[in-house]
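2 protein chains.
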Amino acid sequence: MTAGKYSERRKRLFSLLQGESGIVIFTGNAESPAQYFENAYKWRQDSTWLYFFGIDEPLFAAILDLDSGEETVYADDYGLDDIIWTGPMPAVSSLAAEAGVGNSAPYAAFGEAVKAAVAAGRKVHFLPVSRYYNAILLGGLLGVEPSKLFRSGKKGCPLASEPLVRAVVKMRLVKDEDEIRLLDEAAELGWRMHTKARRGIHIGRVEQEIVGEMENEALSFGWGVSFPTILTQHGEIFHCHSHAAALEPGRLLLIDAGVESNSHYASDHTRTYPTGGRFTLKQREIYQLVYECNELAFNMIKPGVKYCDCHTAVSVHLLDGLGRLGFVKGDPEELAAMGVAGLFMPHGLGHNMGLDVHDMEDYGEDLVGYDDGQSRSALLGLGSLRMARALVPGNVITDEPGIYFIPALISRMKEEGFGKGAVNYSKLETYCDFGGIRLEDDVLVTEAGARRLGSRRLPIAPDDVEEAMINDETLWDF
Amino acid sequence: MTAGKYSERRKRLFSLLQGESGIVIFTGNAESPAQYFENAYKWRQDSTWLYFFGIDEPLFAAILDLDSGEETVYADDYGLDDIIWTGPMPAVSSLAAEAGVGNSAPYAAFGEAVKAAVAAGRKVHFLPVSRYYNAILLGGLLGVEPSKLFRSGKKGCPLASEPLVRAVVKMRLVKDEDEIRLLDEAAELGWRMHTKARRGIHIGRVEQEIVGEMENEALSFGWGVSFPTILTQHGEIFHCHSHAAALEPGRLLLIDAGVESNSHYASDHTRTYPTGGRFTLKQREIYQLVYECNELAFNMIKPGVKYCDCHTAVSVHLLDGLGRLGFVKGDPEELAAMGVAGLFMPHGLGHNMGLDVHDMEDYGEDLVGYDDGQSRSALLGLGSLRMARALVPGNVITDEPGIYFIPALISRMKEEGFGKGAVNYSKLETYCDFGGIRLEDDVLVTEAGARRLGSRRLPIAPDDVEEAMINDETLWDF
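Just so you know, the protein sequences line up as chains P and G, in that order. Under the numbering used here, residues 1 to 478 are what the first sequence spells out, in order. Under the numbering used here, residues 1001 to 1478 are what the second sequence spells out, in order.
Some clues are possibly wrong.
Stretches of chain G that chain P covers, calculated by requiring three or more beta carbons in the stretch to come under 8 Å of a beta carbon on chain P [unchecked claim]: (1) 1042-1051; (2) 1081-1088; (3) 1126-1136; (4) 1165-1179.
The set of hints was computed from the structure by calculation and includes no laboratory data. Cβ coordinates follow ideal geometry from the N, Cα and C atoms, glycine included.
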């Protein structure tokens, strides 16, 4: 990305904040300790910082002065010790110039400038923080308890600047051409990673072995995984991060995993495989239904369509199918309105994706994923939908329906009398060892409708999946 | 590890703290956000928490009451939402029982108990914190600014309990049989990872590709890497984490990388390879010298020997060799006393290793690595030594001499007139594109002397390295 690109983005931000006064502050990340303080996790810069400045180094901050239009980047130049330990870094002033910023100053001057603005009674616009380091830093500068600077629930952080959040969301929700190219690259790498994983599926192997093999691709050609890999025979547990089990015959293996490219854009795909290469009849019935839901949603996606309506259409189709299979009884639309779909799919159809897998989640799901005046449903499933907005070209969203048989949820709902008469709990209970199926693609909203990111789609139709597992032509593809 | 093992360790801790009163508090880690708050880095528990309790879940804490002898574990049981998202977790009371602790209470009760102890004027013993989350938590409970709870420099954290730090250090520095077995396993896996890396070295490949391949092993069979992998043709930069370069002919590739096993014990090995499979004469001269230093230190290691004396012996041998090669002039012992070795090896010979790669570094290097009354040298190199103590059986240390040609250091030292007459700066300057060599093994101090961890040693003698790179028999080993 060029200096001009970053300047242009900040210029647009200034213009979206017209009418506001005071200063806008941005804080890049610090290293994040894993074991002891100096042994940090792999370095990851803050996403919004990357979007507006691109400088991929720890301990940077910036101030945009809304009244004077002045922009300043703050960080410390390296001393000899830093050079010995981590190698030379260009001067802060050069890095600032690469981001199109003419002024730079030491890191400590950032704190002084923020304190001076506070003391002068100027408005300090800041975003909700994502990391504890920034909470401590800003808490100290603003005189606020650090824990109050994180988002709280789906509403964002009440102390953060809503105009700033709205402006950043408006910009980052619509990906420009550069971003789309980078997202395509990430999706391509995601394809590669999932293909490697699929090839590793053999009865008796420990799940963790496959995780290592697939993350190899993410690390060899990208920054790493865009979120902790979900690879489990317990697909009914959404964020199952245990990989200790060996693959057993007759099970389903759900793999929900994404790559973060070297440019820090994400991919996020889910596929569900029969461990032995062939679906059982029972598995295929449910799989086919999830597959249809994925296709249905994709075919609906186009500018102007509300993504919550795609979720509802998926719910109706899912209930229609589950009705034919004898799990539920009644009119699918009525059942959907009652929230019965949520018993099978207690999550939303998808979310925004970009520099974050759940793009800008910390800024408050309601501000990010809901249009003004659009309210969040109270229904199980639909109520968790992260992206409900009317779609516009440049949105990048995931399409990820699923069906799960979650013993704890089933027994709770049965106890509570949920869907009495409509839900066939005795049949459901015979599926308690089934697991879960989710099928997820990354989709770009275009002027004409939609296209899936990347040049190749991971096999998804049940026949194609079996074919790929048994006779994998892609073996010779890379 | 059995419940009895953890109970025994805490019992020993109580006995080491005899004479102290008040409460000892331990805080496990929280998840650590990578992008947005909910998208955390791979979960890693606090090492001392693992040592005394073993419970590998986020948001646990414990109090040991030094006056009553009571032990309590604090954490929250899972609700339905947690079960849907992350799967069932055993009850906190069961997890506490597995750690040999009879009492458990909700997480919030930990804060209340600490506040009550503070209010009652009781002494609260705590360790320096490693992560920002714990700094915010304890800062709030103890009424201290969070940034004051980290170690500061090599002295540890002045607010932390020195008796507690001393007791924990005393225990964790000497590994028991269970720990030695787990460290051997980690070293075995480290061998495997480095072997995979060595095989991937071919001119033209991008460093990052090899990083991905080697970390595959760490992820497939362990928790992951024990610290961010250093794999670079710029070995003179100690913590070079850029892997963007392609392998060039005639260079040296330094790989310093470790595995963290599934039980969270570390390995840490360094090897330096000629990118094309054969050392140049110039490379071989320096390599041979580093190799001799590694062997020399290992052969000195036995109970009673001070590890700082091993560092000094290495410095003398290194200067003797560098004298023969024309880099320095004068009596090696005198040159070592002047700190000339530090110009070539500005780091210490090694560090303690266990659950942390630099074991307990946050508790203060001086308390961890120096015996009472033993003071830290001011010399470049020796002054950075993390482990200087008289060795005892059960210590696990690294043996990692190196020689580097660091342009920024060389020109600074020349400017300052350092080693004038003794250092041949004009020759040194012709090595500014050489890079650096480090050779590191993990060593257990035994009753009889020492042994290297793991069953196999990575090839290290120059002929063996070339042989392994060209005709790799280990290819068929796993």
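Do at least three Cβ atoms from the region 1081-1088 of chain G come closer than 8 Å to Cβ atoms of chain P? holds (count 6)
The region 1126-1136 of chain G covered by chain P? Criterion: 3 or more residues, Cβ-Cβ distance below 8 Å. Check passed, 6 qualifying residues.
Has the region 1042-1051 of chain G got at least three residues whose CB is nearer than 8 Å to a CB belonging to chain P? Held - the region 1042-1051 of chain G has 4 residues with a Cβ nearer than 8 Å to chain P, which meets the minimum of three.
Confirm or reject the coverage of the region 1165-1179 of chain G by chain P under the rule of 3 or more residues with a beta carbon closer than 8 Å to the chain's beta carbons. Not satisfied, violated; 0 residues make the cut.
When held up to the earlier numbered hints, the structure conflicts with hint 4 and nothing else.
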